[in-house]
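2 protein chains.
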Amino acid sequence: MRKTSIGIGLIGIGIIGGAVARVLRDRADRLSAQVGVPVELRRVKIADIDLTRPIIAEFPRELFTTDEVDFWATPGIDIVVEAIGGEFPAFNYLEKALRSGKHVVSSNKEVIAKHAAELLDLSRKNNVGLRFEAAVGGGIPLLQPFQYDLSANEIKGIFAIINGTTNYILTRMAREGIEFSEALKQAQSLGYAERNPANDIEGFDSVYKLSIMSMLAFQTEVKPDDIYREGITKLEARDFKYAEELGFVIKLLAIAKESEGEIELRVHPVFLPRDYFLAKVDGVFNAVLTTGDLVGDVIFSGQGAGPAPTSSAVVADVLASAQEAASGVGNRMRWRLDGGKRLRPMADITTRYYFRLNVADKPGVLAHIAGIFGDNNISISSVIQKEVDETTESAEVVIMTHPARESAVRRAVEALDRLDTIKAVNNFIRVGI
Amino acid sequence: MRKTSIGIGLIGIGIIGGAVARVLRDRADRLSAQVGVPVELRRVKIADIDLTRPIIAEFPRELFTTDEVDFWATPGIDIVVEAIGGEFPAFNYLEKALRSGKHVVSSNKEVIAKHAAELLDLSRKNNVGLRFEAAVGGGIPLLQPFQYDLSANEIKGIFAIINGTTNYILTRMAREGIEFSEALKQAQSLGYAERNPANDIEGFDSVYKLSIMSMLAFQTEVKPDDIYREGITKLEARDFKYAEELGFVIKLLAIAKESEGEIELRVHPVFLPRDYFLAKVDGVFNAVLTTGDLVGDVIFSGQGAGPAPTSSAVVADVLASAQEAASGVGNRMRWRLDGGKRLRPMADITTRYYFRLNVADKPGVLAHIAGIFGDNNISISSVIQKEVDETTESAEVVIMTHPARESAVRRAVEALDRLDTIKAVNNFIRVGI
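Sequences listed follow chains A and B, in order.
For what it's worth, UniProt numbering labels the leading residue of the first sequence as 1, then goes sequentially.
For what it's worth, UniProt numbering labels the leading residue of the second sequence as 1, then goes sequentially.
Pulled out of the complex, with its shape left as it was, chain A reads as follows:
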């Protein structure tokens, strides 16, 4: 059953696909030596053969095709690498590849997060591999460790700074005291944020990545819609100022926690104690802390994103697939989705909270607030009256709570909103992990 060479078909030759194509060409000898037989890029499917694009001009014209039928008919393609991103038509390509008995490598977090169960099932039925290490954390090894190194553990938690754009924005806000819109502009001008940044700043990107990590860690299907999501757009300079005064930093975390057979899954800003490891991960760096019941805490960190790091992960997956294809082994993944964990509703989580309220500067207001918290079984750990604005006769009040249930906090916020003396619940942010 051993093959004498391994052929790769690549779909898309944008920034990631281009980097992958170059690594496969420039390191062909090294990669082939690892697999034991030549590993070759045999065909590239693209939308438009624009010969003025440098990446296209670098390769022989006949490597490229715009025709799908032609691409799938190319002989000797054992592995399909998908590098176009997005849900469709990527899903259709992955499905087609698996059904055709080709190993699949993808760097596409959205399609994997949304269609993991179906794709996994297809890969099993067709006895081929399905790999997507590059979909989370770029080049940082994050998925393989769950499948291999940590596989004897019950995973108890994942705490991740997994989106470089938002971490860069939060770092600027913390360091410079600027508002979100200004920090976003800076990130955009430096190329760290896209012109349409919703995917990052609204937390979708982190949700996709958490969904994928959780499926591997807990062997349980997690759809993006199952994950509570809150982006960073509501954070204000004042929140950072108060966080610092209280000994915290603000980070957008992706959190998965297991207890009593349930997992809670959420992406939102978090007040982290300043000395905590993840609190010190700044700029475009990514870091994932995971807790296994045997291994304790393990941390993976790095810059991760970008074409070269992403190609590092894609080509690692290509090598593993090539080795399986060459030896005729077929699907050897130990990933299953029958872990049977229940997903905990967001209303049932328990954590501490930070509140920033704008209140009327009148006697008795604090008693009203304390009453509402008390009615909802929320225990207050500190109340600090910050700025008083004499023109509007209002004051800013910061409240830190002891651990409380999210559902109780939601009820308290509604009650606060109804109170005349509360002008606004400016923000409430979860504290700690």
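Hints are computed from structural coordinates only; laboratory data are not their basis.
Cβ coordinates follow ideal geometry from the N, Cα and C atoms, glycine included.
There's no promise every hint is true.
To be verified - Stretches of chain A that chain B covers, calculated by requiring three or more beta carbons in the stretch to come under 8 Å of a beta carbon on chain B:
no.: 1; region: 20 to 32
no.: 2; region: 137 to 144
no.: 3; region: 149 to 158
no.: 4; region: 332 to 339
What the hints assert, rightly or not - Here are a few chain B residues that sit away from chain A, every Cβ distance over 12 Å (derived from the structure):
no.: 5; residue: Phe91
no.: 6; residue: Ser382
no.: 7; residue: His402
With the hints as your guide, set chain B onto chain A.
Showing chain B alone in chain A's frame:
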């Protein structure tokens, strides 16, 4: 070729072996589900069946044997787990297992560091796996990433705090201003250092681990004797005091750096800039920073050591071996030792240095010192005269250099030693990575 069950033979049931035996027993269902067939501990070879030991009383008496012939004759053993440590007889057991066509899992850094090439060769010839993830960093995934996730990269560097005992001692010395002997005593009383601590404090343990990581990263044989080694016993409280004044911390690092086809390999104390990631890794924590040409810097960190984390790594290797054994695949490692990197002699490395000298408190001494540095082409970046001891008419002088060649520094130290006005070269420590 598919097997209907996988049997494990364990050699040694000490702290690590005991933890492994318990995980294999307590998680049998979970592990078997991952492999697809039952995975069972079938025999344990020990030196003495002491029924008063709790770990032995926990298992059926007939699981144990003290007889080697009996152990190897046990039917249905596909995987041998070695958990006795040390070079011999561990090597003989590993050799015997591989020659008998059994997959091998070991947590033994010394035997792997010293005999990797021979064992790898045997594993190839007998088409079985050879795995030892637990040998470096306990449960922290460190070796598999070099073999899988980073396999498309040229590794440019490894910078590791990889021995918890020494890092604990250095952390205490830095925080409390105490001397080495006092910090060692504290570490011993807490169980963080052994009664005979030479293996840790003299750097042997770090050397074994660096040797193993380097062989995987550079695909080149590295014997422990190829690695320059300096422990932490010469460090004094004053070195920590001056380091702090100058903005540094002192860590015992294991360093492998590749450039121009050569690798330099060394374990010794290093002055690290305070803000540097590895400078902040304190106590018994381990951390490895590795640089790949595609991925950039990637960090792995965790507490690592101890029976549970080590069993996490051993059982991960058992699962991978079991999967190969069950599917009849045989050896699938991509690890080779034909990378052909040359090892750079220590005399040829270039780095900055810190010197602490005890000199006569007389005019002209600094000129003498400067003359010797100049003669050896070592450029001084700062000279600070610290304490003066009037009773001995001596002064302590701290010198920081610009990058210089190790051979030049060695010559300068010899010349300083010959100078009457230099009472002692108390220490010289390499600066930065």
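Taking the hints in turn, this is what the structure says about them:
no.	hint	in the structure
1	20 to 32	holds (count 3)
2	137 to 144	holds (count 5)
3	149 to 158	holds (count 5)
4	332 to 339	holds (count 3)
5	Phe91	25 Å, holds
6	Ser382	29 Å, holds
7	His402	29 Å, holds
Violated hints for the displayed structure: none, as all numbered hints are satisfied.
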